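Chemist: Using the sequences and the accompanying hints, generate a full structural model.
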Amino acid sequence: MANFETLAIRSQTERSQYCEHSVPVYLTSSFIFDDAEDMRASFAEEKEKNLYSRYSNPNTNEFVDKIVKMEGAESGYAFATGMAAIYSTFAALLNAGDHVVSCQSVFGATHTLFTKYLPKWNISTTYFKAGASYDVEKLIQPNTKILYLETPTNPAIEILDLEFFGKVAKKHNLILVVDNCFATPYLQQPIKFGADLVVHSATKLIDGQGRVLGGVCVGKADLIQEIYAFSRLAGPSLSAFNAWVLSKSLETLAVRVEKHCKNALKVAKFLEEHPNVDLVKYPFLPSHPNYNIAKKQMKAGGNIVAFEIKGGIDGGRKFLDKIKMCSLSANLGDTRTIVTHPASTTHSKLSDVERLEVGISPGLVRCSVGLENVKDIIEDLKQALESE
Numbered sequence: 558m559a560n561f562e563t564l565a566i567r568s569q570t571e572r573s574q575y576c577e578h579s580v581p582v583y584l585t586s587s588f589i590f591d592d593a594e595d596m597r598a599s600f601a602e603e604k605e606k607n608l609y610s611r612y613s614n615p616n617t618n619e620f621v622d623k624i625v626k627m628e629g630a631e632s633g634y635a636f637a638t639g640m641a642a643i644y645s646t647f648a649a650l651l652n653a654g655d656h657v658v659s660c661q662s663v664f665g666a667t668h669t670l671f672t673k674y675l676p677k678w679n680i681s682t683t684y685f686k687a688g689a690s691y692d693v694e695k696l697i698q699p700n701t702k703i704l705y706l707e708t709p710t711n712p713a714i715e716i717l718d719l720e721f722f723g724k725v726a727k728k729h730n731l732i733l734v735v736d737n738c739f740a741t742p743y744l745q746q747p748i749k750f751g752a753d754l755v756v757h758s759a760t761k762l763i764d765g766q767g768r769v770l771g772g773v774c775v776g777k778a779d780l781i782q783e784i785y786a787f788s789r790l791a792g793p794s795l796s797a798f799n800a801w802v803l804s805k806s807l808e809t810l811a812v813r814v815e816k817h818c819k820n821a822l823k824v825a826k827f828l829e830e831h832p833n834v835d836l837v838k839y840p841f842l843p844s845h846p847n848y849n850i851a852k853k854q855m856k857a858g859g860n861i862v863a864f865e866i867k868g869g870i871d872g873g874r875k876f877l878d879k880i881k882m883c884s885l886s887a888n889l890g891d892t893r894t895i896v897t898h899p900a901s902t903t904h905s906k907l908s909d910v911e912r913l914e915v916g917i918s919p920g921l922v923r924c925s926v927g928l929e930n931v932k933d934i935i936e937d938l939k940q941a942l943e944s945e
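Going by the working numbering, the sequence shown opens with residue 558, and the numbers climb by one from there.
FYI, nobody ran anything at the bench for these hints, they're computed from the structure. In this text the structure is predicted, and so the values were computed from the model without any measurement. Fair warning: there could be bad hints in the mix.
[As the list claims (entries may be wrong)] Using 25 Å as the maximum straight-line C-alpha spacing, the simulated BS3-like pairs for lysine-lysine come out as follows:
1) Lys604 <-> Lys626
2) Lys604 <-> Lys728
3) Lys867 <-> Lys823
Modeler: This is the structure in structure tokens:
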């Protein structure tokens with residue numbers, strides 16, 4: 558069963574004695590043992606057995622197993638949120654005095670982690686600009702341990718060449734960590750290009766319906782073992798119920814993402830031709846500066862469209878106030894189309910200079926294109942752009 562859609566639907570690893578067709582929810586905090594020897598061997602990790610749901614659970618096991626297969630990874634661990642996955646990955650693998658090289662265009666909370674919290678433990682970060690990735694080797698130091706990036710980036714939709722970064726990481730013996738949230742494993746598998754670890758906020762397109770929070774990290778087994786050992790103690794684990802929801806969501810990921818991408822491309826083409834829009838960024842528009850790279854490493858362009866409205870920050874806020882159907886929310890990857898003004902929301906904690914350096918201009922709008930009829934999406938955007 559090598560095909561993506563079949564793996565998503567038929568990778569059912571847990572069944573009870575009732576032989577259910579759809580996996581049940583295992584709402585239990587702990588598990589029982591046959592006898593003292595069974596309990597001893599289980600805790601000594603001499604056998605694979607669920608001990609406690611902070612460590613593992615049949616529902617989280619199944620969810621992780623699916624993502625591992627979809628990404629072409631060796632192992633994985635599931636977390637309560639995407640940021641829990643990112644933080645735990647760094648906390649597990651980095652020591653005091655280590656150094657990270659990261660793309661400057663990262664999620665706002667990740668940026669805060671790099672600049673405010675990791676320095677408390679004497680862990681430093683050096684940024685490179687997405688458009689100047691060819692300079693990344695100049696930033697590598699003797700104590701550099703991790704090379705980190707996300708592509709497409711949030712929210713400026715810049716594309717980084719995974720093959721290039723895979724080669725850099727291998728050459729310098731670095732751990733390449735890629736946030737694959739915007740693409741999902743359906744559109745892009747960074748491990749094929751040399752990534753060692755892939756992280757996701759499963760809250761986004763993996764769930765796809767704005768219901769639950771979740772995160773996951775998959776990749777090389779030895780690295781995941783370190784992350785698991787840390788997380789088993791720290792406790793950022795995914796709940797069984799959320800894992801069950803996310804595992805079921807994966808069964809429709811391919812068909813959902815296909816429609817998202819088709820709608821998003823039509824929305825991007827509409828915006829590109831509108832007189833009140835100065836700039837549109839979408840990976841599968843030929844006008845995107847990294848269009849050829851996107852075509853090389855992605856199956857389609859994803860569901861996020863970034864565009865610059867004339868009138869700066871006032872123009873952006875006015876546009877949001879005129880929206881009627883689309884939702885105003887900081888989330889993305891929902892069935893519902895969502896519009897966000899990053900400068901005043903998701904990246905508001907960055908300074909004006911920092912936002913401009915990562916491609917967030919005052920009038921930038923991020924549109925997470927949903928699954929509504931695309932004509933209705935475009936009509937709502939059109940009236941908001943043209944309202945006085």
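Chemist: Holds or violated: lysine 867 and lysine 823, Cα atoms, limit 25 Å.
Modeler: holds (21 Å)
Chemist: So if I understand the rule, the pair passes when the alpha-carbon distance is 25 Å or less; does lysine 604 with lysine 626 pass?
Modeler: Satisfied, since the Cα-Cα distance of roughly 22 Å is no more than 25 Å.
Chemist: Can you confirm whether the C-alpha distance between lysine 604 and lysine 728 stays at or below 25 Å?
Modeler: Violated. Lysine 604 to lysine 728 sits at ~37 Å, over the 25 Å cutoff.
Hint violations for this structure: number 2 only, all remaining hints satisfied.
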